[in-house]
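Undergrad: Heads up: the protein sequence lines correspond to chains A, B and C, in order. Using this note's numbering, the first residue of the first sequence is number 1, and each one after it goes up by one. Using this note's numbering, the first residue of the second sequence is number 293, and each one after it goes up by one. Using this note's numbering, the first residue of the third sequence is number 626, and each one after it goes up by one.
There are no misleading hints in this set.
Covered stretches of chain C (chain B as the covering partner; in silico rule of three or more C-beta atoms under 8 Å from a C-beta of chain B): (1) 755–763; (2) 771–777; (3) 793–802.
To list a few chain B residues with every Cβ distance to chain C over 10 Å, as calculated: (4) 392; (5) 398; (6) 502; (7) 595; (8) 620.
Some chain C residues close to chain A (C-beta under 7 Å, calculated; not the full set): (9) 678; (10) 680; (11) 699; (12) 700; (13) 704; (14) 707; (15) 708; (16) 712; (17) 714; (18) 719; (19) 720; (20) 721; (21) 722; (22) 724; (23) 734; (24) 737.
I should point out that these hints are in silico values taken from the structure, not numbers from a laboratory. Glycine included, each C-beta is placed from N, C-alpha and C at the ideal position.
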Amino acid sequence: MADLAARRALPRPLRSRLRPRRAGVVTAGLVLIVAVGGALLAPIVWPLDQSAVALDQTRLAPSWSHLGGTDDLGRDVAHRAVYGLRVSLLVGAVAALVATVIGGLIGGIAGTLGGRVDRVLMRIVDTIAALPHLLLGIFIVAMLRPSLGAVIASVGLTHWLSTARIVRSELLSLRTRTFVDAAISGGAGRGRVLVRHLLPHVLPRLALATTLMIPHAVWHETALSFLGLGLPPHLASLGNMISDGEGSLLTGAWWASLVPGAVIVVVTLAIAVLAARWRDRLDPRVRAELQL
Amino acid sequence: MTTTQPATTPTRPADSQQSPLLSVERLGVRFRLRDAVVHAVTDLSLTVRAGELLAVVGESGCGKSVLAHALLGLLPDNATVTGRALLHQPDTEPVDLVSCGQRHLARQVRGRRIGLVPQSPATALNPVRTGRRLLGETLRAHGRERAQADRLAADVGLDPADLDRYPHELSGGMAQRLVTALALATDPPLLIADEPTTGLDRPLVDHTLDLLRRRCDAGAAVVLITHDLAAARRVADTVAVMYASRVVEHRDGGEFFAAPTHPYAAALLDALPGRAFRPVPGHPPMLTALPTGCAFAPRCPRRTDTCEGRPEPTSAGGGTVECHHPILPGAAP
Amino acid sequence: MTSPQQLLADEVRVAYDRQVVLDGVTLSVGRGETVGLRGPSGCGKSTLVRVLALLHRPDGGQVSIDGTPVTGVRYAVPVGLRTRVAVLFQSPRAAADPRLSLTDLIAEPLRAVRAPEPGVRERVAELADLVGLTPDLLTRRPHAVSDGQLQRACLARALVHRPDYLLCDEATAMLDASTQAHVAAVIADYQRAQNAGVLVITHDEALMGRWADRIVDLAGAVTAPAR
Numbered sequence: 001m002a003d004l005a006a007r008r009a010l011p012r013p014l015r016s017r018l019r020p021r022r023a024g025v026v027t028a029g030l031v032l033i034v035a036v037g038g039a040l041l042a043p044i045v046w047p048l049d050q051s052a053v054a055l056d057q058t059r060l061a062p063s064w065s066h067l068g069g070t071d072d073l074g075r076d077v078a079h080r081a082v083y084g085l086r087v088s089l090l091v092g093a094v095a096a097l098v099a100t101v102i103g104g105l106i107g108g109i110a111g112t113l114g115g116r117v118d119r120v121l122m123r124i125v126d127t128i129a130a131l132p133h134l135l136l137g138i139f140i141v142a143m144l145r146p147s148l149g150a151v152i153a154s155v156g157l158t159h160w161l162s163t164a165r166i167v168r169s170e171l172l173s174l175r176t177r178t179f180v181d182a183a184i185s186g187g188a189g190r191g192r193v194l195v196r197h198l199l200p201h202v203l204p205r206l207a208l209a210t211t212l213m214i215p216h217a218v219w220h221e222t223a224l225s226f227l228g229l230g231l232p233p234h235l236a237s238l239g240n241m242i243s244d245g246e247g248s249l250l251t252g253a254w255w256a257s258l259v260p261g262a263v264i265v266v267v268t269l270a271i272a273v274l275a276a277r278w279r280d281r282l283d284p285r286v287r288a289e290l291q292l
Numbered sequence: 293m294t295t296t297q298p299a300t301t302p303t304r305p306a307d308s309q310q311s312p313l314l315s316v317e318r319l320g321v322r323f324r325l326r327d328a329v330v331h332a333v334t335d336l337s338l339t340v341r342a343g344e345l346l347a348v349v350g351e352s353g354c355g356k357s358v359l360a361h362a363l364l365g366l367l368p369d370n371a372t373v374t375g376r377a378l379l380h381q382p383d384t385e386p387v388d389l390v391s392c393g394q395r396h397l398a399r400q401v402r403g404r405r406i407g408l409v410p411q412s413p414a415t416a417l418n419p420v421r422t423g424r425r426l427l428g429e430t431l432r433a434h435g436r437e438r439a440q441a442d443r444l445a446a447d448v449g450l451d452p453a454d455l456d457r458y459p460h461e462l463s464g465g466m467a468q469r470l471v472t473a474l475a476l477a478t479d480p481p482l483l484i485a486d487e488p489t490t491g492l493d494r495p496l497v498d499h500t501l502d503l504l505r506r507r508c509d510a511g512a513a514v515v516l517i518t519h520d521l522a523a524a525r526r527v528a529d530t531v532a533v534m535y536a537s538r539v540v541e542h543r544d545g546g547e548f549f550a551a552p553t554h555p556y557a558a559a560l561l562d563a564l565p566g567r568a569f570r571p572v573p574g575h576p577p578m579l580t581a582l583p584t585g586c587a588f589a590p591r592c593p594r595r596t597d598t599c600e601g602r603p604e605p606t607s608a609g610g611g612t613v614e615c616h617h618p619i620l621p622g623a624a625p
Numbered sequence: 626m627t628s629p630q631q632l633l634a635d636e637v638r639v640a641y642d643r644q645v646v647l648d649g650v651t652l653s654v655g656r657g658e659t660v661g662l663r664g665p666s667g668c669g670k671s672t673l674v675r676v677l678a679l680l681h682r683p684d685g686g687q688v689s690i691d692g693t694p695v696t697g698v699r700y701a702v703p704v705g706l707r708t709r710v711a712v713l714f715q716s717p718r719a720a721a722d723p724r725l726s727l728t729d730l731i732a733e734p735l736r737a738v739r740a741p742e743p744g745v746r747e748r749v750a751e752l753a754d755l756v757g758l759t760p761d762l763l764t765r766r767p768h769a770v771s772d773g774q775l776q777r778a779c780l781a782r783a784l785v786h787r788p789d790y791l792l793c794d795e796a797t798a799m800l801d802a803s804t805q806a807h808v809a810a811v812i813a814d815y816q817r818a819q820n821a822g823v824l825v826i827t828h829d830e831a832l833m834g835r836w837a838d839r840i841v842d843l844a845g846a847v848t849a850p851a852r
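Only chain A is shown next, with the shape it has when bound in the complex:
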């Protein structure tokens, strides 16, 4: 207790304890390499017939021949989980990118122009943010037909709000910094200040926001698929698999839902750990401390 109180009054180095340890970062990196590598190479090294079933091998417990067991249609859970991850990562990355582009543009316009434009845009953002993400996502999918594109649109169109807010507030606070005054006084125009002094500070944060959004996007896609609004049911996606496995849970075949569930938790956690580390490196105060 005394320690805590004293620590608050002390400068930053103690907080280094709170940063992810190197071992955690290395583990997360390895997990991500395996996950992304597996997802990319799977069609070459371990092809899957999405529609194949084996009704003589249903609900087998995990064993050496079926590492993740089999589901109620006799399909290898581990095998399908790799393909499910493929879909999840694709949807996650593309949707995060879509969200970043939309959020970056809206936030960029609000933050650069300020004033009335800023107020109007931010009220729109607030209004959308007041609606539950998932509900809005379901609405968007429902208007389109269940497909990869619809899922990406659903995730991308609901997740740009936080990015827009980050970019806007970053730009607004940068605009009032003394070094911008100094640049103006030195003869720099609006465009020069934007390109030379504002964007270089915002872009790393934007890239970070994108990365932090991937886990959200993956979860959102999983939730949609679980509700039967994602990909067509015969295609392997982590959400579909968890949903399918739900029935098997009651018969004791826990692996059918748990294996894809574990995959999504581990992979999204790995992304989050690496992104947190990256965020720390972006902080100039921490960076200065790392160097000296």
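Starting from the known structure of chain A, arrange chains B and C on it as the hints suggest.
TA: Using the frame of chain A, we list chains B and C on its own:
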């Protein structure tokens, strides 16, 4: 504003007979960088007695802030600390701050025995707590009444109403006063103040300095780290001048400002606008490439061939000086 | 008719929300003179500097340079006019883009007006030498140099366009005595060579007395409590 009567008191000689509170012996701090080693503190020896206000002065980048952080074990991982820094305690054995370990420093030393007023208050304050909560928690953790927060704030010249603000709502000067109040909340026997007057205007600078002075007069010790010679002159009992990671002169404050013995100290005082207003010629050496001999020699008007060798600390005029050719009182300039 | 050679704030009024910071303040800085500006904390000295630097639009009154009234503020001021007034800010850390090396920091105002690159490099080298920055420092970024070194770079940047007026807002408060004396000497030399007008804000009476030809007291439109 409260009273600003002259702060220096004539009660010094009695204090000097006391045993030291902090004795630093041959302290060294090095930082390993990718391509170089920074020698931030070299062979530094100092003592601080109870009731003494020691001012550590020098140009920016001479290593004076690193000294403060080294004493509190607040250096980053790439730092190596050598030597000893003994903190004497009334009832137990002295503890060596260099070797006692983080756990001991955190539980027994920081905040309790040594308080720190950090240089950049903005990064030292928990952003999600108001000043009142920060101060209240610190007070309670040290067995004092939360209600004392208002009085502490008033002591440092902060309007108690401003305690209800969050750190980001405070100006730089207000944040500076809040961290000073936090450091004082634990009433430590030794206070290290690292540029405690940054961002304050003159009346508040004087107020803060007088506050530190009064702590010393009440028996506590203060190490004031500052680039501001006028501040040091106002309140310091003793002055240590740091140059290129070393203490080159350490002696009584009054004597120091009247007649410095180290040529660097003399040149630094000559740079004051009230004196010659003449900068010290040349540049300080980089801490990554310190010369083997006297580090000030290239800029020194008194240098000779002997300055190629390292000067040993010698006693001169009641203090110590590291120079082959000190300016001795009475001698021709 | 010859217009007066001075930077003039004429009956300037500034208010933030309802709080009036400057109420009809008139201040002139003539070419070749050093004006000291002092006043209690919160009396609007920094705001007046921002108004004179054409960075803040006054709510009343106007700024003129050598008799020419300036309309607009910040980007709206023609570059040729804007660069005639330079500012040296109190905190070099805040005034330096942390991503730029010191060389780029000093060169930036020249590059912003598309000066030819060889000339830029020459001018940066000349100014770096003038303010006492060694070549090894020039490649570093702000976080790797001390406040004193960074303020020297900011001074070089302020002088890069050879401004006719230089405004120093507590610019030496956080510097050690030697660096302060050096910065003041560089500014004084520049002032003589360029016949520039200099405005100095400082709380240090000794520095003020040493540096300023003429001292102006800004009483402050509002008597803010000294905090």
